[in-house]
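S.K.: On the provided structure of chain A, position chains B and C as indicated by the hints.
The residues making up each chain are set out below.
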Amino acid sequence: MNVVITPAMIGQVVISGLLSGVLYSMVALGLALIFGVMRIINVAHGPLLMLGAYTTFFLYSAFGLNPYLTVPISMAVLFVVGLVLERTLVFRVIEAPELSSLLLTFGISIALVNAAQLAFTSDLRAVEYLTGSWVIGPFAFSKSRVIAFVFAGALTGGAFLFLKSTRLGKAIRATSQSRDVAMVCGIDVGAIHRLTFGLASALAAAGGALIAMIVAIQPEMGQIWTFKSFLVIVLGGAGNYPGALLGGMLLGLVEQLASLFLTTQLSEVVAYVLLVIVLLVRPTGLLGGRQT
Amino acid sequence: MEDVHKSFGGVRAVSGVSLSLPRGRIYGLIGPNGSGKTTLFNCITGVERCDRGRILLDGAPIQHLKPYEIARRGVGRTFQMIRVFPELTALENLLVVTTGPRAAAEARARELLAFVKLEGLAGEYAGNLSYGQQKLVEFVRMLMRDPSLVLLDEPAAGVNRTLLNELLDAVRRLRDAGKTVLLVEHDMKVVMGLCEVVFVLDHGEKIAEGPPGTIQGDERVIEAYFGR
Amino acid sequence: MRSLALAVPALALVALALYPTIATGYGLRAVLQVFTWIALAGSWNLISGLTGYVSFGHVAFFGAGAYTGGILMASAGWSWPVAALLGGVAAGVLALGMGWTCLRLKGPYFAIAMLGLNEVLRALVSYFEGLTGGGNGLSMPTLDATVPIYYAMGVTALAVTLGARLIIGSRFGLRLMTIREDEVAAEAMGIPTFRHKLLAFLLSAIGPGIAGALTARDQGYIEPLSVFPLATTITMIVMALFGGKGTVWGPVIGAIVLFVAQEMVWARYPYIHPLLFGAIIVAVVLAMPRGILGLLQMKYRLPRTI
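Protein chains in written order, with this note's numbering: chain A, 1 to 292; chain B, 1 to 228; chain C, 1 to 306.
If you're looking for bench data, these hints aren't it; they were derived computationally from the structure. Any given hint could be a false lead.
Stated by the list, open to error - Below are the DSS-like pairs computed for lysine-lysine, each with C-alpha atoms no more than 30 Å apart in a straight line:
| id | chain 1 | residue 1 | chain 2 | residue 2 |
| --- | --- | --- | --- | --- |
| 1 | C | Lys106 | B | Lys66 |
| 2 | B | Lys206 | B | Lys66 |
| 3 | C | Lys299 | B | Lys117 |
| 4 | B | Lys66 | B | Lys117 |
| 5 | C | Lys106 | A | Lys170 |
So that you can see chain A by itself, here it is in the shape it has in the complex:
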């Protein structure tokens, strides 16, 4: 492609990358928590995000609520959904071989997507609330992306604070490091699992809610998010929660940079190639994490 690349373009791309990166980080953090605490690959993570997006959509279109107000509601709804899923289905495969949890969450994910297709149809929906961009100098930033960045940043920061400072957060981290030791310390591991799953679902829902204001949504949207969330975890290192933050930013940056040179059709390929490269070169993640 013969395109002249100006510093301004690079700058725009970098900032866009960071903006979308935080969103990736937030959603991936949820997945990282489930993986770290329960050793489960939650293939249904993307569909949960999708449900969060639809919750926001319906609250907005049916009740005219300010969509940014629906973010906490979406989170609460999906928190409950996550709790229920864990309590009824997921807890049974925690000690089982990986195959089982992969297949189980896979089954849940296709059921959820299909249910959504039935309920909402595959038509694209969008929440058009904040349109247009803010222009600062040579850079233009879509308003909804900036606000999403703020929300996602706040939520991710809040999540980290929770993990670091509160008793529950510490219990989660303890269980994540060693389930047996946690049990011996009197931590109700079952409750921690439920809480983690709910929390992760809430984070995914927040992601979905914010995305609903940026792009059009449809039931199948979750799939690629599941994959990208995993990519972020691989980048940052399994079990390395701050790593998820950096991994998300990195993914956002790489994607935006790639869009300068490649068509959008290939953006998914970029993510994939990145995954393969990282897996080959540093499978423990760029920041070093736990091997499964």
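M.R.: Below, chains B and C alone, put in the same frame as chain A:
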């Protein structure tokens, strides 16, 4: 023939441990929990890669090899927590280890099972066997390749007296057949009664080495076990 | 007892071979579909059922075979039997590439990578429009070859099943299973797990590759959505799981039972297929993780090569 000589400085788990195991004797590796014993085993068998240092088998370095390559060079091990293949039968557990002609392999497998009096359970899924039986299966599975270096990780754990005596007997016979045995064990009676030379680890460092009698009286060993 | 065990399948084979003489168009198509599913589910079983490495993107091999065969037939005018075999080869090459990079890691990472493979291939097909026809699809010269394709697919299904029988009855198969049971212990016992996984993965891709090319010929037209659908992966997984992963005949039984059920019960409600299949997967994983045949095998001490 020099069996193993290692010196390596590791992070956290093992710091600058050097051991030399001349062939054909039974060695014990003891130390309080967390002293790095299993890590050492893992380094020998290639499950972990040591950060510094070398591990030599018969004079040839093996620290960089993959676990299966090390196994093929004649290193056999059992695990702290039994790792039989539960959905394979006892016979299949043994069979799976070798690559030669099937008939010969099967004959040898049955022979080994008979050695530990489990020939009747050859067709039973390993997951259905009792703890002691699984332990025996894991033991003879390790022998299928006729290893020259045998690593036993807590062979006495959870085993009743009779079975234990059988196991110890079997270990002595291995030594008599010219194999080198290194075992990690917490049961002091076993260690003192079976091992010819004992190494003591504490916090990743070797703090003592010698025949059981000497070790028992060693101050540093007593300190390591009973606190400071 | 032995002769009965041989007689039943032999009779079935003869019946299937003679079927085209009396079949209706619909019936022929239906059995052809079952053959296809047997080839797919049986192949998926080779990697995921035996080694425990779940391949979520296995339909990628079907699609790769379809496009390779399709391009050869449409643009280069090759005959379909040769194109089909090359479809299998192409799938095998893809498996080698994917496997070499992704199988060296533990199960979860492999699963993740396979999850994305499908989407990537679909994107690539769209991108290289000149060669593949992109979103408009690829058409082949019309040819009524349903009956020969029926036989070809039948042979493919048979080959996959016999291949499974050979593998599962051998020590190679046992070694693959140890990877599922305890990969660390397997390595400690001298088993080169990476090589084994790679070989299993390669073998598991050939069947779908050939089936893909045959299907392309049969349909006469392919497009990215038709040969890379997630639904195909889902279906082959459900069939293998339901019938019994890790067994020889499990995928066959799963394919037959679920296909019949699909035609009879759910054809009326096509919109809830995935939901139902998802529910079945969940139910099977929780209640019957070894599938029907696996359950019977454990309970009645049936031989491993069932």
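S.K.: Is Lys106(C) within 30 Å of Lys66(B), Cα to Cα?
M.R.: holds (15 Å)
S.K.: Lys106(C) and Lys170(A): Cα distance at most 30 Å?
M.R.: Distance ~28 Å between Lys106(C) and Lys170(A) Cα, so the pair holds.
S.K.: Is Lys299(C) close enough to Lys117(B), meaning Cα to Cα at most 30 Å?
M.R.: Given pair Lys299(C), Lys117(B) holds - Cα atoms ~25 Å apart, limit 30 Å.
S.K.: Quickly compare the C-alpha distance for Lys66(B) and Lys117(B) to 30 Å and report which way the hint goes.
M.R.: This hinted pair is violated, its Cα atoms lying about 33 Å apart.
S.K.: Below or equal to 30 Å on CA atoms is what counts here, so check Lys206(B) against Lys66(B).
M.R.: Distance ~26 Å between Lys206(B) and Lys66(B) Cα, so the pair holds.
Violation of the numbered hints given earlier is confined to hint 4; every other hint is satisfied by the structure.
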